[in-house]
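**Student:** Each chain, letter by letter, is given below.
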Amino acid sequence: MKRSLMGRLWPNLVAVVIFVFCVFPVYWMFATAFKPTGDIIAEDPVWFPTDATLEHFKTAIDADHFWTMVGNSVIVTVLAVVFSLIIGVTAAFALARMRFKGRRGFIIGFMLAQMAPWEVMVIAIYIIVRDADMLNSLIPLTLFYMVMILPFTLLTLRGFVAAVPKELEESAMVDGCTRMQAFRRVILPLLAPGLMSTSLFGFITAWNEFPLALVLNKEAEAKTLPIWLSSFQTAFGDDWGATMAAASLFAIPILILFVFLQRRAVAGLTDGAVKG
Amino acid sequence: MTVQKTERPPSGPTEVQTPEGGPRPSAPLKEPRRLAGLTPYLLLAPAIVATLLLLGWPLVNNGILSFQNLNMRQFILHLTEWNGFDNYKDVLTGEDFWRVTGRSVVFTAVNVVLIMVLGTLVGLLLARLGRKMRTFLLLGLVLTWAMPVVAASTVYQWLFAQRFGVVNWVLAKIGFESMADHDWLATQYSTFFVVLLLIVWMSIPFVAINLYAATTTIPKELYEAAALDGAGAIKQFTQVTLPYLKPFLYATTFLEIIWVFKAFVQVFTINEGGPDRLTEILPVYAYIEGMGNQHFGMGAAIALLTIVILLAITSFYLRIVLKQEEDEL
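The listed protein sequences derive, respectively, from chains A and B. The opening residue of the first sequence carries number 1 in the numbering used here; numbering runs sequentially from there. The opening residue of the second sequence carries number 277 in the numbering used here; numbering runs sequentially from there.
Treat the hints loosely; a few may be bogus.
Listed below are the simulated SDA-like cross-link pairs for lysine to any residue, each with C-alpha atoms no more than 25 Å apart in a straight line [as the list claims (entries may be wrong)]:
{"no.": "1", "chain 1": "B", "residue 1": "Lys408", "chain 2": "A", "residue 2": "Val20"}
{"no.": "2", "chain 1": "B", "residue 1": "Lys449", "chain 2": "A", "residue 2": "Val14"}
{"no.": "3", "chain 1": "B", "residue 1": "Lys522", "chain 2": "A", "residue 2": "Pro11"}
{"no.": "4", "chain 1": "B", "residue 1": "Lys365", "chain 2": "B", "residue 2": "Gln570"}
{"no.": "5", "chain 1": "A", "residue 1": "Lys58", "chain 2": "B", "residue 2": "Ala437"}
{"no.": "6", "chain 1": "A", "residue 1": "Lys58", "chain 2": "B", "residue 2": "Lys449"}
From the structure, some residues in chain A lie toward chain B, with a derived Cβ separation under 7 Å [to be verified]:
{"no.": "7", "residue": "Ile87"}
{"no.": "8", "residue": "Ala94"}
{"no.": "9", "residue": "Ala116"}
{"no.": "10", "residue": "Leu143"}
{"no.": "11", "residue": "Ala192"}
{"no.": "12", "residue": "Phe250"}
{"no.": "13", "residue": "Ala251"}
These aren't lab readings, by the way, just hints derived from the structure by calculation. Glycine is no exception: its CB is placed at the ideal position from the N, C-alpha and C atoms.
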């Protein structure tokens, strides 16, 4: 009796320990961001911010160029996602529904592109962008992010298109739609979940991208938020309150997106990600 | 749901492919035949052009640069000085490259083993928990997963901060008083430890949640049959669960190898490859040689060698994936 109770108890205990291990860093970020400086540098850690303050968030937001960089990140991320969805969904349609020479080659090509080692190509990209005289511009970043997320978008959407019953499309065509009209009116609306999860993935990738933004856009007016966050930390040194407030501000959009879209999006995300 | 697809990593559902050999749907008949034949290529064109231009060209350019003597001077004056295989000769005969390569391989191996073992255990735990507890733990995993990497590495620096860092405080409290003012980023191994913890922490949710999803698709009959054959819990695990999850475990391990091998951001943001360049892994080494020390040609050569090593490590799995894809199409 006792043993079976223990048998039921221990997985729960382990689960609680793992939960704490997972969540504590995230909690500590927010907690520190709200604590008055006195609590942050207290001899013993203050585990819960009792007199919460917004002072650190103010420091972070008042930092030079904060809003410019928010704008930059939003512009680059949204455009990259939208462009990759547009060119991804048309290509996905062709790959899922049409039969043509070289189709297999294209699919394999995009699978390889998905593994592209962007982290090691920064030098080559830097030289190309410099020669095009486009350093400190948002255009190259947008374009590179678009291509960075394109293979995933395209391959995942291909799966979603393929999952739409062919009969739906065919009956629309019998009713006089052209193939493209059938696609637009019948398939596209059914792709909504797929579009959502792929755009979430794209959003996260572009929002977080660090190496390219680091080398291409060094001027404050052209920086994006990950670069702001890493340089903010250097600039503010031991001001952990402000640094954690900055980290929170950067993380919040992603955390919110994840929580809201979690069920559907995570399923699609893992699906596509595991497809390599 | 998830797993039927992860079984065959690269492709979507197969049952609804194009009608191989079957008659085309009626629509193309409305368009001139030649144009209809071109349609798929036109639809693919933007994606292909963008990829070739923005991914292919940097790759080619990287190759070209790696045969040039391109340092600060040549860079500013826009000079092109070819130097044949000199960069490669220098890199491959120097000690640094091999030391960094060895370090990268060990670093990747340790991380991936930890991620896979712990992630699998957490995934199996999820399958064992009751509904409420499972939702609770899933929430924690998702929160971790959603943490952006630069934010996460900033938080880890704060957790491990020399002064007022909560890790040092806890260690001092539980008896390691010498740890009270420990500087984690001062030595190679302790810096690596922080990076490792960060990467493992961030990666476990992906493996655990996917593995849990995979276990939900194992047919109950398999366990019943095994139980009839007299298999105990351990035997059921090794003879039913594990074989069933094998393709999935392969795919995830492969992905983690790629991700960890290229973990530029984590290493760079924690301590920029320091102290004394002792925690540089290959991508960081290429960056610091190329961009930091402005030996662009040399950096490009290291980058290319890194790509070759990455391909060599993953070629085994790539072959399986490509072959599977061919079988399915």
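**Student:** Give a verdict on every hint.
**Tutor:** Structure-based check of all given hints:
1. In summary, the hint linking Lys408(B) to Val20(A) is supported, as the alpha carbons are separated by about 16 Å, within the 25 Å threshold.
2. Of the pairs offered as hints, the one joining Lys449(B) and Val14(A) holds, with about 23 Å between alpha carbons and a cut-off of 25 Å not exceeded.
3. This hinted pair checks out: Lys522(B) and Pro11(A) have alpha carbons roughly 24 Å apart, not beyond 25 Å.
4. Restraint check for Lys365(B) and Gln570(B): satisfied, since their Cα atoms lie roughly 18 Å apart, inside the 25 Å limit.
5. Distance hint between Lys58(A) and Ala437(B) is fulfilled; the C-alpha atoms sit about 23 Å from each other, no more than 25 Å.
6. Restraint check for Lys58(A) and Lys449(B): the C-alpha separation of about 34 Å exceeds 25 Å, so the hint is violated.
7. Because the closest C-beta pair between Ile87(A) and chain B is about 4 Å apart, less than 7 Å, the hint holds.
8. The beta carbon of Ala94(A) comes within 4 Å of a beta carbon in chain B, closer than 7 Å, and the hint placing it at the interface holds.
9. A hinted interface residue such as Ala116(A) counts as satisfied when its beta carbon comes closer than 7 Å to some beta carbon of chain B; here the least separation is about 5 Å, so the hint holds.
10. Among the interface hints, the one on Leu143(A) holds; its C-beta lies about 6 Å from the nearest C-beta in chain B, closer than the 7 Å criterion.
11. Hint status for Ala192(A) relative to chain B: violated, with the closest Cβ pair at about 17 Å, above 7 Å.
12. With its C-beta approaching chain B no nearer than about 5 Å, Phe250(A) sits inside the 7 Å limit, and its interface hint holds.
13. A least Cβ separation of about 4 Å between Ala251(A) and chain B falls short of the 7 Å threshold, and the interface hint therefore holds.
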